[in-house]
Structures are given as C-alpha cells and as structure tokens.
Amino acid sequence: MSLQKPVMRNLLGKRLRFHLPIAFALSIVAAAAFKYGVTEPRKQAYADFYKQYDAVKEFDAMREAGIFESVRPSGE
Amino acid sequence: MLAARAIGLLGKRAISTSVCVRGGHGVAKVEDYALPAYFDRRENPLPDIQFVQELNADQVSLKEKEKGSWATLSNDEKIALYRISFNQSFAEMNQGTQEWKSVVAGMLFFIGMTGLVVLWQRKFVYGDVPPTFQPEFQEKQLQRILDMRMNPVEGFASKWDYENKQWKK
Numbered sequence: 001m002s003l004q005k006p007v008m009r010n011l012l013g014k015r016l017r018f019h020l021p022i023a024f025a026l027s028i029v030a031a032a033a034f035k036y037g038v039t040e041p042r043k044q045a046y047a048d049f050y051k052q053y054d055a056v057k058e059f060d061a062m063r064e065a066g067i068f069e070s071v072r073p074s075g076e
Numbered sequence: 001m002l003a004a005r006a007i008g009l010l011g012k013r014a015i016s017t018s019v020c021v022r023g024g025h026g027v028a029k030v031e032d033y034a035l036p037a038y039f040d041r042r043e044n045p046l047p048d049i050q051f052v053q054e055l056n057a058d059q060v061s062l063k064e065k066e067k068g069s070w071a072t073l074s075n076d077e078k079i080a081l082y083r084i085s086f087n088q089s090f091a092e093m094n095q096g097t098q099e100w101k102s103v104v105a106g107m108l109f110f111i112g113m114t115g116l117v118v119l120w121q122r123k124f125v126y127g128d129v130p131p132t133f134q135p136e137f138q139e140k141q142l143q144r145i146l147d148m149r150m151n152p153v154e155g156f157a158s159k160w161d162y163e164n165k166q167w168k169k
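Chains G and D, in that order, are what the protein sequence lines are. The end of the first sequence is residue 76 by the working numbering, with every number in the run present. The end of the second sequence is residue 169 by the working numbering, with every number in the run present.
Just so you know, these hints were derived from the structure itself, not from any lab. No residue lacks a Cβ here, since even glycine has one placed at the ideal position from N, Cα and C. Just to be clear, a hint being listed does not mean it is correct.
[Claimed, not checked] Derived pair list, reagent style PhoX-like, types lysine-lysine, alpha-carbon separation capped at 20 Å: (1) Lys43(G) x Lys159(D); (2) Lys123(D) x Lys5(G); (3) Lys140(D) x Lys123(D).
[What the hints assert, rightly or not] Across the chosen pairs, the derived CB separations fall in these ranges: (4) Glu43(D) x Ala33(G): 38 to 46 Å; (5) Leu20(G) x Val60(D): 53 to 61 Å; (6) Leu20(G) x Ala71(D): 28 to 36 Å.
Start from the sequences, fold in the hints, and give me the full structure.
See below:
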C-alpha cells in the first residue's frame with residue numbers, strides 16, 4: 001500500500017543539466033558544418049571563377065548572342 | 001450565490017432544488033451547469049466536489065470513521081474513501097485511447113476526397129496553359145538564359161560548357 005514518495009524537487013534543474021550541454025554542442029556542430037560545408041566552398045567557387053574571368057570576352061559573347069538592347073551584334 | 005458556494009464546499013447538491021432570492025425580483029433557479037462540477041483532469045488534481053454525492057449507509061459510517069484517527073483505517077477502507085472522492089485514478093485517466101486511428105483515417109479520407117475534387121477541376125474547370133509552355137518556346141527560353149550567363153558561378157549557367165556547347169559532365 002505504501003508507495004515510495006515520488007521525486008518532487010529539482011526536476012527542471014536535472015533536465016537542464018542534461019540537455020543544455022547537448023543543445024550547445026549540437027548548435028556549435030551545426031554552425032561549423034554549415035560554415036565548412038557551404039560558405040567556405042562557396043567563397044572558393046567565387047574566387048576560382050573570377051581568377052580566370054575575362055569581362056570583355058564575356059561581354060562580346062553576350063552581345064553576339066543578341067540579348068542586349070543598347071548594343072546590337074556586330075553584324076547589324 | 002454566496003450561499004450556493006458555501007454549501008458547495010461541503011460537497012452537497014441540495015441547493016440544486018433550493019431557490020436563490022435575488023433583489024426582490026423573485027427566484028432564480030440555479031442551473032446544473034452553474035454548480036461546481038467534478039471532472040478527471042491531470043492538471044486539476046483536486047476537483048471542486050467529491051465524486052459520490054449521495055452516500056449510502058456504509059459510506060456514511062465510513063466517513064464518520066474517517067473523522068477519527070486514520071491509523072485505524074484498513075487498506076480497503078482507504079481505497080473505498082478514495083473512490084468516494086475520485087472517479088478515476090491518475091493511472092486510469094491518463095490511459096491512451098484508440099482515437100488516433102479514427103483521426104488518421106478521417107484525415108486520409110478527406111485528403112483523398114480533395115484529390116478527386118482537384119482532378120475534376122483540372123479536367124472541367126481550367127482552360128489551356130499559356131503558349132510559354134510549348135517545347136519550342138521553352139527551348140528558346142533556355143538558350144536566352146544561357147546567353148545571359150544567369151548565375152555563372154554556382155547556378156544555372158555554371159553547368160553549361162560554353163566552349164563545347166554542351167552541358168558540363
């Protein structure tokens with residue numbers, strides 16, 4: 001008939017002591033993963049693209065394709 | 001109103017048939033729903049009234065015994081007193097039901113009905129799509145996108161090989 005008295009105190013404290021370090025660790029892991037998985041490759045891709053970029057050549061190619069309104073292809 | 005609350009604290013329902021005289025205008029019948037009610041809720045562990053209102057002879061004598069020392073009560077008597085005051089124990093009231101199955105079944109049924117309605121709409125309500133959906137138009141559109149070098153770093157035009165005029169491997 002006599003049950004043990006259930007735990008009444010420190011319930012939130014116990015939960016926080018367990019979950020907060022995990023939460024912080026996971027957040028930091030998520031941020032690091034995003035930084036090294038997404039932003040660093042993206043910065044590198046932009047750097048590589050513009051290293052070999054010839055703006056005039058690209059402009060001429062676009063002009064010949066006829067997409068500009070202010071300057072027509074050299075043939076016309 | 002005050003009289004009703006005072007009697008309610010003692011757990012008796014006699015006032016449901018009594019009258020409340022208010023301001024000399026006559027009697028106001030106290031409705032059932034206006035009285036304190038019993039309900040089993042986890043967040044309200046001690047309801048306003050006890051569960052059993054009309055005690056039979058055994059229960060009346062048990063309540064008298066309760067007024068004395070509780071050490072003299074046997075375990076069965078303690079359980080009987082509990083059942084007078086409460087309908088379901090916490091374990092009983094927290095039991096799950098099978099209701100979720102009917103809920104999911106209803107959800108899927110109505111989603112299916114909606115799907116049928118949408119199909120009917122496609123066939124009988126909507127007109128033709130615009131000419132911009134035709135394959136020739138789409139090809140010209142794609143060529144123009146590549147000519148404009150849209151998103152040449154990481155996006156669309158970066159997947160096209162301009163020297164060899166084909167998609168990059």
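Going through the hints against the structure:
1. Lys43(G) x Lys159(D): holds (18 Å)
2. Lys123(D) x Lys5(G): Violated - the C-alpha atoms of Lys5(G) and Lys123(D) are around 67 Å apart, more than 20 Å.
3. Lys140(D) x Lys123(D): violated (29 Å)
4. Glu43(D) x Ala33(G): 38 to 46 Å: holds (40 Å)
5. Leu20(G) x Val60(D): 53 to 61 Å: holds (55 Å)
6. Leu20(G) x Ala71(D): 28 to 36 Å: Roughly 46 Å apart at Cβ, these two residues miss the hinted range, so it is violated.
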